[in-house]
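In order, the protein sequence lines correspond to chains A and B.
To convert, take the position in the first sequence, counting from 1, and add 1083; that gives our numbering.
To convert, take the position in the second sequence, counting from 1, and add 725; that gives our numbering.
Just to be clear, a hint being listed does not mean it is correct.
With beta-carbon atoms standing in for the labels, derived distance ranges [what the hints assert, rightly or not]:
(1) B:Lys-731 x A:Asn-1471: 29 to 37 Å
(2) A:Asn-1471 x B:Lys-777: 53 to 61 Å
(3) B:Val-791 x A:Lys-1229: 52 to 60 Å
(4) A:Thr-1465 x B:Asn-853: 18 to 26 Å
(5) A:Glu-1247 x B:Gly-773: 58 to 66 Å
(6) B:Asn-833 x A:Thr-1465: 57 to 65 Å
(7) A:Val-1485 x B:Val-791: 20 to 28 Å
(8) A:Asn-1471 x B:Val-791: 21 to 29 Å
(9) A:Lys-1308 x B:Val-791: 24 to 32 Å
Here are a few chain B residues that sit away from chain A, every Cβ distance over 12 Å (derived from the structure) [as the list claims (entries may be wrong)]:
(10) Ser-745
(11) Gln-775
(12) Glu-780
(13) Ser-790
(14) Asp-799
(15) Glu-814
(16) Met-841
No more than 30 Å apart at the CA atoms, straight line, and that leaves these computed lysine-lysine pairs for DSS-like [unchecked claim]:
(17) A:Lys-1154 x A:Lys-1227
(18) A:Lys-1111 x B:Lys-781
(19) B:Lys-843 x A:Lys-1451
(20) A:Lys-1213 x A:Lys-1389
(21) B:Lys-731 x A:Lys-1125
(22) A:Lys-1393 x A:Lys-1248
(23) A:Lys-1154 x A:Lys-1395
(24) B:Lys-851 x A:Lys-1417
(25) B:Lys-808 x A:Lys-1417
(26) B:Lys-774 x A:Lys-1125
Don't read these hints as lab results, they were simulated from the structure.
Cβ atoms here follow ideal geometry from the backbone N, Cα and C, with glycine treated the same way.
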Amino acid sequence: MNDKNANNNENGDKKTPLYDKHRNLGAKIVSFAGFSMPLYYKSIIDEHLNVRNNSGLFDISHMGEIIVKGKDAGIFLDYVLTADISSIFPNTITYSLILNENGGVIDDLTIYKFSNESYMIVANAANTEKDFAWIHTQMLNLQKTKTDNGQYMFQNVTVDNYSEKIGLLSVQGPKSRNIIYPLVEDISDNYGRSENNFCNIFNFQYNIKSLKELNHFEFSCVRFKEIGIEALISRSGYTGEFGFEIFTDADDVGKLWDYILEHKELSNLLPVGLGARDTLRFEAALPLYGHELDETITPYDAGLEKYLSKNKDFIGKEALEKIKNKDKKLIFFKLAGKQIPRHLQRILDENLKPIGCVASGTYSPLNKMPIGSAYISDSNVTPSMLKNFYIDIRGNFEKAEVVMPPFHKIKK
Amino acid sequence: MADNSKFYFAKSHEWISLDSNNVYNLGISDFAQSELGDIVYVQLPEIGKQYKKDEKIGEIESVKSVSEIYAPVDLTIKFVNSKLNETPELINNEPLGEGFIAQIELNNSSDLSSLMDKNSYESFVKSNHE
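Next comes chain A alone, as it looks inside the complex:
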């Protein structure tokens, strides 16, 4: 037996540090993005509704963290990512895409800015290695390239994959603050005092807001009382609800998971698996890489053009400027019947002519009906004009209707 076996399952999947805890809680384990992850503990629907009504705790340690540092880190990320990165405020987060030269989406990410010289990219688990390799290669290529005036740029950048060193939990739902606030101690003034401070890896340079002052897409440092574990905590999530994402040392994340679960009555919290993570993100109409996004889809197709900066050049920009018409149009729909649309099923117009494919399809626990998204690839079809159309669900043509997302805000 070698060391690797400790972190891998028999099927070669990786485990997060919480794998045994999920097993002990009776979770149904599935393979997702190369990790053995909990799909649900008891019920996707119950876990979903508990996040909408109370709160839920997610292990999302499978997600990737790539830390980019150095004097040139900001201008480097501005070139590699589509959104404005170097110009955002320190201690805030931005959402961005990373594109290939053709304008196809390599990944969608969030970027944490600590200072002009320190950033963290949070990547989809399935894409972390691909993103890291891409970003690292871009760095090496740029460092070899002379500018017009004979200078070498981007000499002062480092790119490091911290994914296995950082554990990540998410607490989501309207009551999330009821459990998080009492369990943490504000260390935003003195996070740098102790030597083994987790937050030191981020090289903060500016004053940090305290947890209770945070707006959406801002972050702070806290220490969890009693267990003494320090963490980076952001007001962010993937559910459409108020919530937090909590980064801590991978060696401590198990203790933190237990500590939060021990106090679950503070917010009627339940552990929540990836099944409800997907139904929650989809009701909130948040894109999922591999469904709404992939390397054949441009940001225009996905309706994400607002994350393309007009202020700078970035990889993929030139290709995007040549695109006149959208190849595909993303629509959201609901179904009158009960069968659930699934990824890649055909969309048919009223004459049963194929006009596109399902991107995501699921059951909406909140609306108690099947819902989905689809790419319409027939350029003659205007989504807003789409009246009668059908999803080919294993040979049954199920009637669908276009709706404006998000689904969790639709009034019944």
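Knowing the structure of chain A, use the given hints to seat chain B on it.
Coordinates of chain B only, in the frame set by chain A:
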């Protein structure tokens, strides 16, 4: 359903059981429902239709997956549990009881001997899925 009713299980995870009214019921096992998770749709078999062993008689859809229901033996559908149209979660809650799928007639009653009793089915599940 009477406590002493005997259940016969198929490798495809359906069961058949004779209830206290001497009627054969058909459903899916507790293991099958727990593998599927929250059930949100059941396509019921056709009343009056004869099905051959291993023929597809319906479909069960959960939030994450779809699974086919097969005839464990040659059978005829006499009655379907139409409560499942509105409350498919009955299968999750009571897979061996209120969550039954149909009442059936066996086309050849000796076929039941080809199925497993509760103990054999449990060891079958254990050896194949753990």
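Comparing the hints with the structure gives:
1. B:Lys-731 x A:Asn-1471: 29 to 37 Å: violated (51 Å)
2. A:Asn-1471 x B:Lys-777: 53 to 61 Å: violated (38 Å)
3. B:Val-791 x A:Lys-1229: 52 to 60 Å: holds (57 Å)
4. A:Thr-1465 x B:Asn-853: 18 to 26 Å: Violated - the Cβ-Cβ distance for Thr-1465 (chain A) and Asn-853 (chain B), about 51 Å, lies outside 18 to 26 Å.
5. A:Glu-1247 x B:Gly-773: 58 to 66 Å: Holds - the Cβ-Cβ distance for Glu-1247 (chain A) and Gly-773 (chain B), about 60 Å, lies within 58 to 66 Å.
6. B:Asn-833 x A:Thr-1465: 57 to 65 Å: holds (58 Å)
7. A:Val-1485 x B:Val-791: 20 to 28 Å: holds (24 Å)
8. A:Asn-1471 x B:Val-791: 21 to 29 Å: holds (25 Å)
9. A:Lys-1308 x B:Val-791: 24 to 32 Å: Because 46 Å falls outside the window, the suggested range is violated.
10. Ser-745: Label holds. Min Cβ-Cβ 31 Å, cutoff 12 Å.
11. Gln-775: Its Cβ never comes within 12 Å of chain A, the nearest being 22 Å, so this holds.
12. Glu-780: holds (16 Å)
13. Ser-790: Violated, because the least Cβ-Cβ distance between Ser-790 (chain B) and chain A comes to about 9 Å, which does not exceed 12 Å.
14. Asp-799: Given a closest Cβ separation of 25 Å, the condition holds.
15. Glu-814: violated (8 Å)
16. Met-841: Correct as stated: the minimum Cβ-Cβ distance to chain A is 24 Å, above 12 Å.
17. A:Lys-1154 x A:Lys-1227: Within the cut-off at roughly 17 Å; holds.
18. A:Lys-1111 x B:Lys-781: holds (26 Å)
19. B:Lys-843 x A:Lys-1451: The hint is violated at about 35 Å.
20. A:Lys-1213 x A:Lys-1389: Between Lys-1213 (chain A) and Lys-1389 (chain A) the Cα gap is close to 24 Å, so the pair holds against 30 Å.
21. B:Lys-731 x A:Lys-1125: Given pair Lys-731 (chain B), Lys-1125 (chain A) holds - Cα atoms ~28 Å apart, limit 30 Å.
22. A:Lys-1393 x A:Lys-1248: violated (35 Å)
23. A:Lys-1154 x A:Lys-1395: OK: Lys-1154 (chain A) and Lys-1395 (chain A) at ~18 Å, within 30 Å.
24. B:Lys-851 x A:Lys-1417: violated (39 Å)
25. B:Lys-808 x A:Lys-1417: At roughly 24 Å apart (the allowed maximum being 30 Å), Lys-1417 (chain A) and Lys-808 (chain B) satisfy the hint.
26. B:Lys-774 x A:Lys-1125: This hinted pair is violated, its Cα atoms lying about 36 Å apart.
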